[in-house]
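Visitor: These are the residues of each chain, in order.
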Amino acid sequence: MNVRAQAILWTAQRASAAVLGLCVLVHLATMIYAVRGGLTAAEILTRTHGSVAWFAFYSVFVLAIVVHVPIGLRSVLGEWLAWRSPSRDWALAVLAGFLWTMGMRAVLAVFG
Amino acid sequence: MKVLVKRNSAFQEFEVPRYPSQTVLDVVTYIQRVLDPTLAYRFACRVGMCGSCAMTVNGVARWTCRTHVDKVVKSDQMEIAPLRNLPVIRDLVTDMREFFDKWAKAKGQFSGSLTKKEDFQKVKPDSPKRVAVDAGIECIGCAVCYSSCDVVAQNPEYLGPAALNRAWTLVKDERDSITIERLRAVAGDAGCHSCHTHMSCTEHCPKQISPTAAIAGLKREVSMALFRKIL
Numbered sequence: 141m142n143v144r145a146q147a148i149l150w151t152a153q154r155a156s157a158a159v160l161g162l163c164v165l166v167h168l169a170t171m172i173y174a175v176r177g178g179l180t181a182a183e184i185l186t187r188t189h190g191s192v193a194w195f196a197f198y199s200v201f202v203l204a205i206v207v208h209v210p211i212g213l214r215s216v217l218g219e220w221l222a223w224r225s226p227s228r229d230w231a232l233a234v235l236a237g238f239l240w241t242m243g244m245r246a247v248l249a250v251f252g
Numbered sequence: 022m023k024v025l026v027k028r029n030s031a032f033q034e035f036e037v038p039r040y041p042s043q044t045v046l047d048v049v050t051y052i053q054r055v056l057d058p059t060l061a062y063r064f065a066c067r068v069g070m071c072g073s074c075a076m077t078v079n080g081v082a083r084w085t086c087r088t089h090v091d092k093v094v095k096s097d098q099m100e101i102a103p104l105r106n107l108p109v110i111r112d113l114v115t116d117m118r119e120f121f122d123k124w125a126k127a128k129g130q131f132s133g134s135l136t137k138k139e140d141f142q143k144v145k146p147d148s149p150k151r152v153a154v155d156a157g158i159e160c161i162g163c164a165v166c167y168s169s170c171d172v173v174a175q176n177p178e179y180l181g182p183a184a185l186n187r188a189w190t191l192v193k194d195e196r197d198s199i200t201i202e203r204l205r206a207v208a209g210d211a212g213c214h215s216c217h218t219h220m221s222c223t224e225h226c227p228k229q230i231s232p233t234a235a236i237a238g239l240k241r242e243v244s245m246a247l248f249r250k251i252l
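Those protein sequence lines, which keep their order, are chains A and B.
Note that the working numbering has the first sequence beginning at 141, numbered continuously upward.
Note that the working numbering has the second sequence beginning at 22, numbered continuously upward.
Bound-form chain A, shown alone (with noise of 0.2 Å):
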């Protein structure tokens, strides 16, 4: 991987890492003030069937994770492991791809 390649996927990981901020206080706020009234999981879930904004914005969430995740562990398998080979970025690739199949089937199944 270049340089340049390189120091995009820095960029990548400070960018997603401002989305997932973001994210992860609108997902608490919005789970602290649902269930106050006592609402079961079941309640919430007819809530959120068929709402393209809460679809868009876990969509939004789940790719953050995507971005964000595999790119801080590959410098975690860099410097414990010492996994600095080609096959390091393809092995993440693939658990790129694992985040984000499970990340939209949970979307999925609030979406509805």
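Just so you know, the hints here were simulated from the structure itself, not pulled from any lab data.
Computed from a predicted structure; not experimentally measured.
Just so you know, even glycine gets a beta-carbon here, dropped at the ideal spot from N, CA and C.
A couple of the hints might just be wrong.
Facing chain B, a subset of chain A residues (Cβ under 7 Å, in silico) [said to hold, decoys possible]:
hint	residue
1	R144
2	Q146
3	A147
4	W150
5	T151
6	E219
7	L221
So the derived label-pair ranges between C-beta atoms look like this [to be verified]:
hint	chain 1	residue 1	chain 2	residue 2	range
8	B	F141	A	H167	20 to 30 Å
9	A	A233	B	M22	51 to 61 Å
10	B	K23	A	M171	28 to 38 Å
11	A	A182	B	V81	53 to 63 Å
12	B	K143	A	W230	48 to 58 Å
For chain A, the structure is supplied; the task is to place chain B on it using the hints.
Guide: Just chain B, lined up with the frame of chain A:
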């Protein structure tokens, strides 16, 4: 005072008398001249200018010629070892080639565009760029920051705080003519983007330079170059 000196991965014990205003370098010199002439160590100026006498004193990298024993010895014992993160040649002498080779890799040489036939470029001392250069220019190349850096310990390719600080002083130099090449040299996994901002370099620099700030500046400059599509 009991002094433990690391030699060939084991510590050897010496008994050294205490004096007023005694420096750690005085202690090492006493051992070499009076107790054991085979002890190898490196020094030159003895006044904090040359950067050659840095060692690990009680677990912390320090310039030994300007470090008073009173400042670092709490009990009556001191431990002296070679700098961390560098190959040891013998006793307290480390091989600095890797350290200075990385300065070259970071394009640490000044590269101007004017010839001697042209008038010299005027740089205002109080211009923001020159102020940024002045903040990092007094590095003496002692490798205390390099030895204190955990990223260097974990990633041998990492250029290290001193080389990146040097690159930063050139990036901010208005006379510099190879800024983009230099930014390419210091970006990525082996460069500024690997810094975790632990700030050990800044905490231990004997010249009170902040390589952390220099590295943060390089990250900013690289990001700007990326957005302008000139990197």
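Visitor: With reference to the structure, classify each hint as holding or not holding.
Guide: Here is how each hint holds up against the structure:
1. R144: 6 Å, holds
2. Q146: 4 Å, holds
3. A147: 5 Å, holds
4. W150: 4 Å, holds
5. T151: 6 Å, holds
6. E219: Holds. Min distance 4 Å.
7. L221: 10 Å, violated
8. B/F141 with A/H167: 20 to 30 Å: Check failed, 59 Å falls outside 20 to 30 Å.
9. A/A233 with B/M22: 51 to 61 Å: 58 Å, holds
10. B/K23 with A/M171: 28 to 38 Å: Violated - the Cβ-Cβ distance for B/K23 and A/M171, about 60 Å, lies outside 28 to 38 Å.
11. A/A182 with B/V81: 53 to 63 Å: 59 Å, holds
12. B/K143 with A/W230: 48 to 58 Å: 53 Å, holds
Hint check: violations occur at hints 7, 8, 10; the rest are consistent with the structure.
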